[in-house]
Structure formats: structure tokens, C-alpha cells
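Peer 1: These protein sequences, in sequence, are chains A and B. Its first residue numbered 49, the first sequence is counted upward by one per residue in this note's numbering. Its first residue numbered 49, the second sequence is counted upward by one per residue in this note's numbering.
Simulated from the structure, these hints should not be mistaken for lab results. Cβ coordinates follow ideal geometry from the N, Cα and C atoms, glycine included. Hints may contain errors.
To be verified - Cross-link-like lysine-lysine pairs, in silico, DSBU-like; alpha carbons within 35 Å at most: (1) A:163 / B:163; (2) B:68 / A:364; (3) A:68 / B:364; (4) B:413 / B:297.
Claimed, not checked - Where chain A lies over chain B, by a calculated footprint (3+ residues, C-beta under 8 Å): (5) 98 to 104; (6) 143 to 149; (7) 438 to 445.
The residues making up each chain are set out below.
Protein chains: 2
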Amino acid sequence: MPLIVQKYGGTSLGSIERIKSVAMRVARSQNEGHRVVVVLSAMSGETNRLIDMTHQASEFPLERETDVVVSSGEQVSVGLMTMVLTEMGYRALSLLGFQVPIVTDSRFGIARITKIETERITRELDRDTIVVIAGFQGIDAEGNITTLGRGGSDTTAVAIAAALKADVCEIYTDVEGVFTTNPSICEEARKLTKISYDEMLEMASMGARVLQTRAVEFSKKYNVPLRVRSSFTDDPGTLVCKEDKDMEKVAVSGVTYTKDEGKISVVRVPDRPGIAATLFRPLTEEGINVDMIVQNISHEGHTDLTFTVSKADFKKALRLVKDTAGEIEAQEVLGDPGIAKISIVGAGMRSHAGVASMMFEVLAKESINIQMISTSEIKVSCVIDEKYTELAVRVLHEAFGLGKEEVVEEK
Amino acid sequence: MPLIVQKYGGTSLGSIERIKSVAMRVARSQNEGHRVVVVLSAMSGETNRLIDMTHQASEFPLERETDVVVSSGEQVSVGLMTMVLTEMGYRALSLLGFQVPIVTDSRFGIARITKIETERITRELDRDTIVVIAGFQGIDAEGNITTLGRGGSDTTAVAIAAALKADVCEIYTDVEGVFTTNPSICEEARKLTKISYDEMLEMASMGARVLQTRAVEFSKKYNVPLRVRSSFTDDPGTLVCKEDKDMEKVAVSGVTYTKDEGKISVVRVPDRPGIAATLFRPLTEEGINVDMIVQNISHEGHTDLTFTVSKADFKKALRLVKDTAGEIEAQEVLGDPGIAKISIVGAGMRSHAGVASMMFEVLAKESINIQMISTSEIKVSCVIDEKYTELAVRVLHEAFGLGKEEVVEEK
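The shape of chain A in the complex, shown without the other chains (with noise of 0.2 Å):
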């Protein structure tokens, strides 16, 4: 019997009536001849709750203290859900991290699994058990309660569909899939049937936030194929798998952007070995991560090094960069948040030429000056001003015909 992992998020667990009516969900599924194992979040808020509830206890919470406290809203969801397929006549068990056992290294609130022990919930699957796991959640080698991070219980579900072998891992959330563009700014967005793992996660860390990266290279390492898809309707959602022949047809399979960035210059740095890793230490230091790094050839001996930090971090980053600038004798520094980062990502980039010049020349034909440029293998990022977002990512969602029906599904 084909065996199916299903979570569902918060949104999907927002009140008792969502409970039950996933609850049926689940039930259908195991109708229809699936074995399924249900991965659960916190209800919706609950998370929130209990984190502001350790931050009035403390100004620093203990991090193994706050494992033990949030981790006891998916022990709620849980226990609930398996009391719901229960009284409609199917035969559940709830299981915990530690009961799983899911065993993890002891980075509270930002754990790595480690190892998942499967003969429990074989055992109950082999008895026609719904099994209904606590996501977000492990155990450590000491037995002490850890959390995987926010977003966690993707992970817990992809690493869950692995260890089993499951046929597919189902994400369920309150959209309906992956989308080329965010439909709230581009109503030709149109929903995705199918993208590879490599275009998810650079959707995913763009900010299409239906699914954490950390959950995407899980899938990805072992291959679980996963189905992004809506627990209000039902809609099949999207495919994330291996690439395939079909999506080497699209050179575009999606536009994202981000407004979460700032962009800082050092302008006229003496073009020295050893620069770059001056500027960037103290950064590192302190945690900031950097994006996007340009820097061009040099003139007469100096270069221009600009990069991206994301919002929250920028006032820090200009100020240590500031600090570091004399050192390195660079003329000056300056600061822009008012940026968005635009992206088009593509497996089909690969074979398709001149896809970044054609992005290029879209931007142009708006007038839209470009700030930076960084490409991947099967992205192109653009950095530019912030007032023309909407405008970019409509004008290039239509230029790389992405508003059509979709190509593989035309085989």
C-alpha cells in the first residue's frame, strides 16, 4: 500500500472546526488505500503565544527552556487531531519527538535530526494506524527536548517521508501551491503543476515562503517527492521532484523578489589582497549574513564592493563596515535600503540562451535602472531601485510568457 506523509501547518489547525475538518482529510486519504503518517505544527498563534510567554519570564530565555515550553504546542495538536480520527471511527496514536524516538544534536531551538527511528510507527502502520507525530520536535542524546527552528515541522515530515520510504510527502498549507510570481501583485500569477527542487529553493529563500529551504535540500538529498498544496481546497497543488525532461522546455519557471534587503557600497577600496575578507570579518562576527557581493575590474588601482545584508541588519552592517573602511583606506561608504532584488529562476536556463539578456532588456525598456547583477545556474537576480518592483516583476512575468498555460502539461 502506497504509504503518504501529510503536515499540516498552523493555518491549517486554527481552530477546533479546522482540526476536524483536516481530520477528514486525513481520513479520506486512508480510504483511498494510503497508509498515512499526519505531521502536525502548533495551532495557529500558539507558537507566538508561548515564545512571548518566555520572553516576559526572561529577558535572555534559556534555549533548552525554551525547547520544553514551545514544544508543547504541537503536543496539544496532536493529542487533539488523534482524539478527532478516534471518535470518527479510525484507529490513530499520537507520538511525540521523544516517543518517535526523533533524535537530534542539542542545538536547542535550532536542532538537526540526526537519526529517525522507524519500527514504532511501522509497527502501528502495519495495524492500519493513522500516526499522528508532533512536528518542530526532538530529542537529543541526553533526552532532553529540542526544537528544529521556526518552519521546523516541514522538515520533520521530509525527514519523516525518507526514513519510510514514503511515496510522497504532502505540505499542506492556505495556498494552493507555488506560484510563478505572488498573485497579489501580478494577477496573471499562475499556479505551478510541477518544479524541480533546485527552482523551489531558490523560490523558497526569495521569499515564496510555502516551504522551508532546510526541508527542500532534505527532500532533495533523499529524493521524497513533495506536493505543496492548500488543506481548504482540493486542488493537487504543486509537484516539487527531480528535474525532468518537460521542465527543460520552460526557460522560466518563476519571478520572485525580495524587499527585505539593504545594499551597501564601499566606494574606491585599493584593489589589495586580503580587502574583502578585512571588510567582511567583522560582519561574520557578528552574525549578519551577506547576499549578493559585486565587485568590478579595478581602475588605476581601486574597486567598487558593493553587497546586499537583509533590512534587519543593515544600520549594524554600515556601521562596522564604516569602522573598517578607514582601515582599508577606502574613499567612502555608502548605504541604500531602498533597494528589491528581483529574481527569475529557471531550470531550463541551462539549455536556454539569453535569458539574462532578455530580463535585462525588459528592465531597460521601463527605464529601470540595474544596480547589480548576480546569477546562479538557474537564476538571475537583479538589484534595483524599490519603487519599481510591482512594475519588474509584472512586466518580466508576462515577458517570459509565464501568465500562459503551462508547457508540461501539455505532453
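Please arrange chain B on chain A, whose structure you already have, making use of the hints.
Peer 2: Just chain B, lined up with the frame of chain A:
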């Protein structure tokens, strides 16, 4: 170093502020040179909130899953308390039922503790850690979460104190200790300095709801000195301990009452063997507990049989008894829910003659008719008309000199 187990109930943990003030008290105990184990209930209202959710989810919530949901309440309070203590500069660690472990049988919702592993607790205490343990919860041999039933945190505390051979187990609540009677109906009521386990058992079962009967039984069995005190004041509270000579000096330690019962009389039953068995069998089958039972000598081959049941069971019991009455040829069945049971309790009764008759005289003087009487070694109970409850309590309290300075303090 003396070892102290402190249990704090929900009202002592009603808010983050209350948790912080309890943490100060805990810290003070360690500063004073104690090794300290803390046992916590859920924050006040939390257990009810969780139970409500299970009832919204299911008409007959599965017991195993109810325990999963409900035990999350204590999980939150131990995590918060531990982070507060840590922030105050103390070494502290939370332990859930499964982490101690506190092993129980598998009777979900009403589990009994079968074993407490002390190794982990002792190791932590030896490092000067304040060990913060979740009350009310345990784990069975299969790794399922169990709970001990309402008020089970008292039992957890006493069981841990017994297992660790603690010098004292302090039960913190919102009252200052055990009183000679309910201060809200008798302003002369006085806090007792000391009371024996047996007296406490009689008081507790009669509605002096400061301590769970089961916790007192446990303390008696393992001879754990209990101190009932308030978390809102520095009053030393009431010590519950083995009976000592001082206690025998006092005939009566307290007057208790309950209005929670109803009376059922079966009139003119043929006095044959097996009548009582026939009468009570249906009640037992429905799980209805019978409290006082009085059967008088028979007249002309007939007898009257009267008993009390809780008000919650009263209607059902009356119906069942009426069904059986025909079968055993009783003349009629009378029900009266408007009664109160008044009791005087005192270890000293064993050595003081005439306590019961003094009680009857005091009630007679106020023209309060006694409907039923039952006695134990250290208690005399009378059923009277409910409307005389407060009057009876006050006159008995006065007559037995309970408002005066306590004799045990005069040594």
C-alpha cells in the same frame, strides 16, 4: 544539606509575575542552605483550558490523548520557572515526567506512580542545581504519557519527597494552612500549627480542599512530613506529620462539613440476608460511591436503611434504588438532597471520652435534629438539615474550644 521538596499549585503560578515571585522564594530556600526540588502544576486556568479543548474536539475524548494534551500545561510552567531561576543567577533544570522518569501504570487520567528513578535528580542536586519537575504527569512502561488525575501534582511532590527521603515536602497554595474550620463561615476559625496524617485525611475528604487525600495517604505511608503553606505570605503554615503526644491533648482539631451529599432512605425493608447487597449492587455497577450507611435494628422483621451519595449522583441513585425497591419488597424510598454532613475530627478522641455525646448535646441545645450518625476512631459525623450547616459549625467550633490558643503550642 537538608533536602526540601516544594510544590506550587496553579494559583501560585497564575501569571509570569507570580512565577517570578515563586522563583524568589525557591531561590531563598537554596540560599538558606537547602537542596531544593520544585514540583509545579500548570498555570492557573491552563488545565481547564486544555480540557475544554479536548471536549470541543471530541464528545468522549480518548484518555491517552487527553493526557498528551493536558500534560502540556505543566511542561510550560517548568520551562518558564527554570528560565526565570537561571536569569536570577541560579543553576536550574526542568525535568518532565518522562525525563525523571516518573513511571506509572497505564491508567490514563488516573495513573498510579509505580517507580521514581532518583538518579538524575540526585546527580543534579549534587551540582547545586535547583531541579524543577513537572507535576501531575508520568510515563508508563510503553513510553506513553500518563497523568495522575486532578490535584496529582501534590502526589508527585510527595512521591518525589519519599523517593529522595526529603526532610520536608512543602505544599504551597493560596491559603495559609489547615484551619479548625472554614474561616468564611466561622470567624473564630484558627490555623492549626500541626495536624496528624489521619486527621488530615478526615479533613481532606470532608472538603478542606487544601491537600489531595491521595497525597496525604502517600505521605503517611512513607512518613514524609508535609507542610501546607501559602505562597503569598511567610506564614509557616500547618505541619502534617505523624501523631505525637501533643496532639492527644486536644480532643478535637477541627470541624468540617459538606453540603455535597444527598440522603436516600429505604423504608420498611424485610430484614433478610442479602438485602443490602441487592440494593447497592446497581449503584456499584454505575460507579456511584455510597458514603454513610445506617441500618437500624429491625422491628417486626423489617428495618430501615439510609445512606448518602454525592449530589451529582443523587438523582441517578434514587432512580436505581426505586427500581430495586420493589424487588426487595420495601415499603417506600425517600430521597432528600437538602442535607449537610457535619464532622468533628481529632486524634485526641481516642483518649478523650464523651466527645461524641458532647457533639450531640451541642446540636440538641440549638434544636438541630440529627438524622444520621457515623463514627470512626478519630471522627464523628452527623447528618443534619442543610439550613443549619453554618450554625452547627459555629456552635461546635465554640464548644470544643477551637477558637482558643492552640494547646500544642504551649509545651
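Peer 1: Evaluate each hint against the coordinates.
Peer 2: Hint check:
1. A:163 / B:163: OK: residue 163 of chain A and residue 163 of chain B at ~29 Å, within 35 Å.
2. B:68 / A:364: 34 Å, holds
3. A:68 / B:364: Roughly 34 Å separates the two Cα atoms, so the pair holds.
4. B:413 / B:297: 26 Å, holds
5. 98 to 104: holds (count 4)
6. 143 to 149: Satisfied; 3 residues make the cut.
7. 438 to 445: violated (count 0)
Hint violations for this structure: number 7 only, all remaining hints satisfied.
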